[in-house]
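Chemist: This is what each chain is made of:
There are 2 protein chains.
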Amino acid sequence: MEPARIVAGLRALVPADRVLDDRQVIQGYLQDQAEWAPYAQAATVVRPRSTEEVRAVVAFAAEHGVPVVPRGAGTGLSGGANAIEGCIILSFEAMNAVLEINESEPYAVVQPGVVNDDLRAACAERGLWYPPDPASAPWSTIGGNVATNAGGICCVKYGVTRDYVLALEVVTGRGDVVRVGRRTAKGVAGYDLCGLMVGSEGTLGVITEITVRLRPERPPERTIAGYFDSIVAAGRAVSAVSASGVIPSALELVDRHCLEAVDAWKNMGLSTEADVVLLGRCDANSDEDAGVIRRCFDEAGASWAAVSTDEQEAEALFDARRLAYPALERLGPVLTEDVCVPKAKVPEMLARIEKTAAVHDTLIANIAHAGDGNLHPLLITPIGDDAARRRAQAAFEDIISDAIELGGTVTGEHGVGLLKRDGLRREVSPLVLDLHRAIKNALDPLGILNPGKVFS
Amino acid sequence: MEPARIVAGLRALVPADRVLDDRQVIQGYLQDQAEWAPYAQAATVVRPRSTEEVRAVVAFAAEHGVPVVPRGAGTGLSGGANAIEGCIILSFEAMNAVLEINESEPYAVVQPGVVNDDLRAACAERGLWYPPDPASAPWSTIGGNVATNAGGICCVKYGVTRDYVLALEVVTGRGDVVRVGRRTAKGVAGYDLCGLMVGSEGTLGVITEITVRLRPERPPERTIAGYFDSIVAAGRAVSAVSASGVIPSALELVDRHCLEAVDAWKNMGLSTEADVVLLGRCDANSDEDAGVIRRCFDEAGASWAAVSTDEQEAEALFDARRLAYPALERLGPVLTEDVCVPKAKVPEMLARIEKTAAVHDTLIANIAHAGDGNLHPLLITPIGDDAARRRAQAAFEDIISDAIELGGTVTGEHGVGLLKRDGLRREVSPLVLDLHRAIKNALDPLGILNPGKVFS
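Residue numbers (the numbering used here), protein chains in the order written: chain B, 1 to 456; chain H, 1 to 456.
I should point out that these hints are in silico values taken from the structure, not numbers from a laboratory.
Do not take every clue at face value.
[As the list claims (entries may be wrong)] Ranges of calculated distance between the beta carbons of each label pair, as one might list FRET restraints:
hint : chain 1 : residue 1 : chain 2 : residue 2 : range
1    : B       : 306       : H       : 217       : 26 to 32 Å
2    : B       : 298       : H       : 124       : 51 to 57 Å
3    : B       : 99        : H       : 232       : 28 to 34 Å
4    : H       : 1         : B       : 355       : 56 to 62 Å
5    : B       : 38        : H       : 447       : 37 to 43 Å
6    : B       : 298       : H       : 216       : 53 to 59 Å
7    : H       : 387       : B       : 437       : 49 to 55 Å
8    : B       : 387       : H       : 217       : 50 to 56 Å
9    : B       : 59        : H       : 174       : 50 to 56 Å
Remember, predicted model here, so these are calculated numbers, not experimental data.
Glycine included, every Cβ here is placed at the ideal spot set by N, Cα and C.
Between the sequences and the hints, there should be enough to build the whole structure, so can you do that?
Modeler: Pasting the structure below:
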């Protein structure tokens, strides 16, 4: 169907200002943050203001066989929100209300376009806490977080987005509005359709309302820093923490390439002190647990380890972790990997990545949610160097192969989108892919919801 | 297909001793613990010893259109494992090995027939802990726990079975063996088929292997007891604990009918002291948190509240809770309800149950996982009194209606099975039931897996 007819058809159904036809404005909605992921030209972008408007758009798309691509803030790293030729992009920026915060259960009901940090701030005002904290939290939306089952730094103790989604309002591929899940603490009435929607990357339904479980505010965190001379020593420290019985509220790893890039930019002097930095946090029995983690670091051979005594100093260390990504981007486009391996295999996986970098002559820096075994190798290529990009692409595939070989998964928290479709096919059996197709056909029989994402 | 032909056909595929044809032995496999739930005559019971044997049985059933009913220990309370006329019952008692306990991740891999307490004991030997603790833990199997997404006492802090299932090996309705899920701490590769299987009560696949996440052993618990003169005061205490920011590791309620039945049997003298007993537990910052919970009890108007100083005394109090069910069974068959309401609605729900008991002239006692809003009204009818049973049945329906009206669910942790099929239909919309049917058709296109359970 021609873009002009799609725009006209939609403007007959929802207020005209919701439906964009300015090609330049539309251009800003065509891709997410995934380097190298392909995208095409959308017919239009619709910015709905209500579930009813979403329903009308999806029903129109179903009637005319037009693909629909739901989009949060576009901070995804796998191409899941990238435009498909001739599609309708449903952007939720105008559905960004926190509808209810229930303090007694406690839960929050939000529209999909609410920014993660905004929800967290609204909860904090009432002494409550929404834990999932992806690095994109200042920009990414709860709708996008739910669609990708986003993780973050505190999942090592508090779990991922799925663990907090109690209920969803969803528009199905037939244009029906359904409510799945519940608002009670427990419930086993029927299939877990709510959990099935979480992480399905817009391929099974368009999310229009989200109910998330909240927790009481947590006690203040203590930070423990450890400097190590080798990846192996840092890996030993991670295993020691895991075996100690203390569950840290964060356990992050930053490697020498990241430290050097941060130093080159901000001159923090880290790379002269350490080859690898581990940052642990704990928020229960803080003093005692922080001591246990520090001892784990020491006994694993840290060249220096300490429990931070002031919060500013601790934040500065976490800044080094946060700055790694932009510091590396100064060197060229960064492709973010997202493999997750058994925790005990973190040192071996890091060693294999180092080898892969050498084999393919590619700069690969590493940040990792080490306590979860979730690694983010960052592949950097100089702008415009096609040969380097091909080498990096080969390295990307090798990292995926190694992760699978070590019993890991091709994506720990970013999603399959477009970049990991091959990886998914390599990770699961053909029979399991068939089950995916059967579920997709069951919930989106016309195949209009984000088609071609996750699997083809 | 005739039972004799089914037995002969199966004995050609698996060792003959796996396939039972002694009608009297088969009789012991026809129903679970759900009072009033109908059951029929099975063609045979098969006790497989390997995934391959399960696959062969399901493939035979698929070829000949014979229903398959998977069965753990038969401790279910909704009729989910009850026999269907002419079915093959797959009993997992001989597949009861703990295959692996991985201490570094940590996780355990088990066959479905492992008894919950046996897994817990095996984990404890290694300083690890499998939290889900249904009341049936001494008898029920992990396979059954997964099929029903079983809860328990510690879920108020540690979550339900689904929160611990990392991966499953499953035989689909076509007789294919598939592996879903992962063994890493995080992972978002594809749809959450593993989570979808959990709680699907044997209608989407037959579980042949389970990987569960483990936790480090927890610190010892402290017990806080509170005696209250009214349900309303106890309800206030529950709300106060919820608002305090302390997350108890148990928060159980036992009402006067239970206390009286326990006293009549064991003469513990509880019913003269209290109308309602609340039992709280905490396992982090024990002294401090126990003090907070005790203050919540006091301020809500407890006639007596104390932190238990010795473990034996604490166990005795929890014994009163455990003994409630057998004590009530001495009065007649007990039908166990399992509604879950928003925590703030617990007092109102309990008041409505009291009214329902009066209206239908039925003895209804209450134990409740109060901290989750999960109530277990126990409806007792004298043996052989049909009129009383009809009145109890009407009361059962009214309790379901009230739970739905208060924003709750018809089943918090026992499952839909046969007893809550009507309830499910009342709780979710017809469109959501259609989605259930679509998923069922997608994964069990021949309709042989526990047909007629959950929905018809």
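Chemist: Now, for every hint given, state plainly whether the structure supports it.
Modeler: Hints versus structure:
| no. | hint | verdict |
| --- | --- | --- |
| 1 | B/306 / H/217: 26 to 32 Å | holds, 28 Å |
| 2 | B/298 / H/124: 51 to 57 Å | violated, 29 Å |
| 3 | B/99 / H/232: 28 to 34 Å | holds, 30 Å |
| 4 | H/1 / B/355: 56 to 62 Å | holds, 59 Å |
| 5 | B/38 / H/447: 37 to 43 Å | holds, 41 Å |
| 6 | B/298 / H/216: 53 to 59 Å | violated, 20 Å |
| 7 | H/387 / B/437: 49 to 55 Å | holds, 54 Å |
| 8 | B/387 / H/217: 50 to 56 Å | holds, 54 Å |
| 9 | B/59 / H/174: 50 to 56 Å | violated, 33 Å |
Taken one by one, the earlier hints fail for this structure at numbers 2, 6, 9, listed in ascending order.
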